[in-house]
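Start from the sequences and build out the full structure, keeping to the hints where you can.
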Amino acid sequence: MKLLLKNREMLLVVAIIALLILIAIRFPPFVAPGNLANVYNDTSILIILALGQMAVILTRCIDLSMAANLALSGMAAAMLNAAFPGLPVPLIILAAVALGAFLGSINGLLVWKLDIPPIVVTLGTLTIYRGLIFLISGGAWINAHQMSDAFKALPRATLLGFPLLSWLSLVIIAIMVVVMRRTPLGRAFFALGGNPHAAVYTGIDVGRTRFLAYCLSGMLAGLSGYLWVSRYAVAYVDIAAGFELDIIAACVIGGVSIAGGIGSVGGAVLGALFLGVIKNALPVINISPFAQMAISGTVIIIAVAVNARAEKRKGRVILRKAEAAHG
Amino acid sequence: MLQDTTTSRMKPAVALEGISKSFPGVRALSDVSLSLYPGSVTALVGENGAGKSTLVKILTGIYQPDEGTIRVDGAETRFPTANSAAKAGVTAIHQETVLFDELSVAENIFIGHAPRNGLGLIDWKKMNADARALLSRVGADLDPSIRLRDLGIANKHLVAIARALSIDARVVIMDEPTAALSHKEIHELYELVDRLKADGKAILFISHKFDEIFRIADRYTVFRDGRMVGEGLISETTQDDLVRQMVGRDVGQVFPKQEVAIGEPVLTVSGYRHPTEFEDINFELRRGEILGFYGLVGAGRSEFMQSLIGITKPSAGAIRLDGHVKVIRSPAEAIEAGIVYVPEERGRQGAIIGLPIFQNVTLPSLSRTSRAGFLRMAEEFALAREYTARLDLRAASLDQDVGTLSGGNQQKVVIAKWLATRPKVIILDEPTKGIDIGSKAAVHAFMSELAASGLSVIMVSSEIPEIMGMADRVIVMREGRIAGRFERADLTAEKLVRAAAGIQEAA
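Line order of the protein sequences matches chains G and E. When you line the first sequence up against our numbering, it's residues 44 to 370, in that order. When you line the second sequence up against our numbering, it's residues 1285 to 1791, in that order.
These are computed hints drawn from the structure, not numbers from a lab. Incorrect hints may appear among the rest.
[Said to hold, decoys possible] Restraint-style ranges between C-beta atoms, simulated for each label pair: (1) G:Leu-134 to E:Ser-1599: 26 to 36 Å; (2) G:Ala-348 to E:Arg-1765: 35 to 45 Å; (3) G:Gly-77 to E:Phe-1658: 17 to 27 Å; (4) E:Ile-1470 to G:Ala-348: 45 to 55 Å; (5) G:Ile-60 to E:Lys-1371: 49 to 59 Å; (6) G:Leu-152 to E:Glu-1351: 55 to 65 Å; (7) E:Phe-1658 to G:Pro-326: 21 to 31 Å; (8) G:Lys-156 to E:Lys-1371: 27 to 37 Å; (9) G:Leu-152 to E:Phe-1658: 39 to 49 Å; (10) E:Ser-1554 to G:Leu-134: 36 to 46 Å; (11) E:Phe-1658 to G:Leu-134: 22 to 32 Å; (12) E:Phe-1658 to G:Ala-284: 35 to 45 Å; (13) G:Trp-184 to E:Gly-1657: 25 to 35 Å; (14) E:Glu-1670 to G:Thr-226: 17 to 27 Å.
[What the hints assert, rightly or not] Far from chain E, by Cβ distances over 12 Å, these chain G residues were calculated: (15) Tyr-83; (16) Pro-160; (17) Gly-167; (18) Ile-171; (19) Val-222; (20) Gln-335.
The beta carbon of each residue, even a glycine, is placed where N, CA and C say it ideally should be.
This is the structure we're talking about:
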């Protein structure tokens, strides 16, 4: 499996390189190192979100409310900054992360304690969170001039030539690699997604593990809320509307199985990057936004088809054993 | 006697001749024959794993036999699909009826062959009227338009039988139809069987309950280890005779049981009960002992074991571990306390396909292989290597997906996983179900070693040879209660079957 997964990640790397070559033929400046760094920076938020979504999907759940969580946390951060311009930015970030985690924990609690299907829970909270943004903001925008300079500057500040936003996403990737591969919680995500019945017997609390996955995705959505609002220097009800689908698409393209239990940090990051390259490249080579959507959609279906084929091979083996067991 | 002359003169509605069927590593049926006569009830009896289910699946077109012929009214035929069997008039009513909860009673009866109107659309009026007529034929006063989910299990059976009548079934297979029914419902079912018989249907009745076999069956066929070992008329046999045919084989030689000195009590269970699954479970488990739990499927053994490790909550009861009262509220606490449960279904509840072997092994022991909350792969590998080696696991690498292993090797991974937690008590639920003979012997040998090394083993098994070959003591459960306790010295297969089926001791 690991080898196959490695192959799948390699496949994605090859696909991204092939895509870059195709673009370079039409528009060589796109692949200049500086521009590629910009593309990465532009994709950073999607990467952070995709990693949170991956944790949730691994446990056989889904989080449709991530973008709404991002928007609500972002709006709260912007309003906090507008109301108390003197508040240190790290404190605001902490507040956004905490609010995001709280919103995520609501999803987790509903899935855990009330046993409601995750897709229904997060569809509901998606709408609620969007509605809450309107309630707290009264529908008004928070514009650049209402935000303090420090608030807006943080993601843009550069370190060793790269924006802090890019560095932050790299730190999150590193943390997620450690969480997924080196902690019992990460192991529990995989085990429970792979076989929830068996996981119960090994002492894994299925509901609690799912709750924690939602808290994690909520935290990352909250962090992304601050990053989004400060980077674009505006907050309003509809920011990142529909972005939840991009997040899920990044996971799916990156080989995270919607059926749970299969996926990797590397895959989710590459999936997000693939989408990032398409998004940034197609306008410069004069492809209409509508064609962009069609292309993204096609890529998603191809990715799912490739994954499904890999899993079907596995399924047949199981079936043969199940038959033998009936004898 | 009248029955005798009629059936012997009649031609069978369906006859199986020389049927064999193998699955990888398991020979499920060898050279079995079975004839079902119109207007006659044939009881099929045999232990779990004797091949009854496989036979039903062949009769209903789900499995194809490797060898042998199926005759319908004397003409050789094949059932390549479930649909073709249904068209030939063979229908099965299963333990848990396979109907559609969200559809109406009438839709369930007519699904696949609903009456159509001139436009080719479903003729609801006719369907409901026909359904009502069929239901009254089976004595069910049900509204055809209500949803099936609102019916009790007994009424669902009636719907299934009405469905059988609607496709003009001539052969009706009933696979333990009374398992979930109340006393009154069972009697209604008997009357229904009598009515179907009077209608000239050929009925195959699969049951573990001897009282009902002798109440409604005309003929019997006994299966053992995939072979037909006896058949005849119910009126010419006795319960003792049937039991003897079911279990008649010598056991003992093939089981590598070591003599172990039994030590002090390790686990004491007292007064365990559950509102619906079991009650009054009391026993003691000693060091080095293998305690067998025998019973029919559904006797409440697995349910009890699951409450012992905190998956379901008992409504009353206490356990002592090494003399100290212990409360176990979750599987994690059970593992902590030293009680582990190796569940029955390897695929569903055992190995985690997709995770590498070493991660499967260390999953319940992660607190031991991690420091300060971080996993240490080197220690995981060391632990996995130690225990997979003890079980003689054959794998290219411990990093490979457990799904690439054979069934027997997967079972070893699962057992290694539990041993790695260093338990005091290990509960093995059907440890050798569905694995090949060679792996079975290895699992048995290993079980003996475990007991010899001072572990206490609870072995839940529905296989009499395994129970007789491996257990020091046996507890038999029936309908959620302890129905018998036997020491190894005075254990016989007959006693086990009698206790499990609730048959009185022969005079």
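Going down the list of hints, with the structure as the test:
1. The hinted range of 26 to 36 Å is not satisfied by Leu-134 (chain G) and Ser-1599 (chain E), whose Cβ atoms lie roughly 51 Å apart.
2. Between Ala-348 (chain G) and Arg-1765 (chain E) the beta carbon distance is about 54 Å. The supplied range of 35 to 45 Å is therefore violated.
3. The given range of 17 to 27 Å is broken by Gly-77 (chain G) and Phe-1658 (chain E), whose C-beta atoms sit roughly 38 Å from each other.
4. At roughly 52 Å, the beta carbons of Ile-1470 (chain E) and Ala-348 (chain G) sit within the given window of 45 to 55 Å.
5. The supplied range of 49 to 59 Å is met by Ile-60 (chain G) and Lys-1371 (chain E), whose beta-carbon atoms lie about 57 Å from each other.
6. Distance hint check: the CB atoms of Leu-152 (chain G) and Glu-1351 (chain E) are about 58 Å apart, consistent with the given range 55 to 65 Å.
7. With their beta carbons about 44 Å apart, Phe-1658 (chain E) and Pro-326 (chain G) fall outside the hinted range of 21 to 31 Å.
8. Between Lys-156 (chain G) and Lys-1371 (chain E), the C-beta spacing of about 49 Å breaks the proposed range 27 to 37 Å.
9. Look at Leu-152 (chain G) against Phe-1658 (chain E): about 27 Å separates their beta carbons, and that is not inside 39 to 49 Å.
10. The hint said 36 to 46 Å for the Cβ distance between Ser-1554 (chain E) and Leu-134 (chain G), and at roughly 57 Å that hint is violated.
11. Separation of Phe-1658 (chain E) from Leu-134 (chain G) is about 29 Å and conforms to the stated range, judged on CB atoms against 22 to 32 Å.
12. Restraint check, Phe-1658 (chain E) to Ala-284 (chain G): a C-beta distance of roughly 39 Å satisfies the suggested window 35 to 45 Å.
13. Checked against the hint of 25 to 35 Å, the pair Trp-184 (chain G) and Gly-1657 (chain E) fails, with Cβ atoms roughly 43 Å apart.
14. In this structure the hint that Glu-1670 (chain E) and Thr-226 (chain G) lie 17 to 27 Å apart at CB holds, the actual value being about 23 Å.
15. Here Tyr-83 (chain G) stays apart from chain E, with its beta-carbon at least about 29 Å from theirs, past the 12 Å limit.
16. For Pro-160 (chain G), the condition that its CB be more than 12 Å from all CB atoms of chain E holds, with the nearest at approximately 16 Å.
17. The claim that Gly-167 (chain G) is not at the interface with chain E holds, since no C-beta of that chain comes within 12 Å of its own (minimum 23 Å).
18. For Ile-171 (chain G), the condition that its CB be more than 12 Å from all CB atoms of chain E holds, with the nearest at approximately 29 Å.
19. The claim that Val-222 (chain G) is not at the interface with chain E is violated, since a C-beta of that chain comes within 12 Å of its own (minimum 10 Å).
20. Distance check on Gln-335 (chain G): its Cβ is at least 34 Å (rounded) from any Cβ of chain E, clearing the 12 Å threshold; non-interface status holds.
In the structure shown, a violation is registered for the earlier hints numbered 1, 2, 3, 7, 8, 9, 10, 13 and 19, in ascending order.
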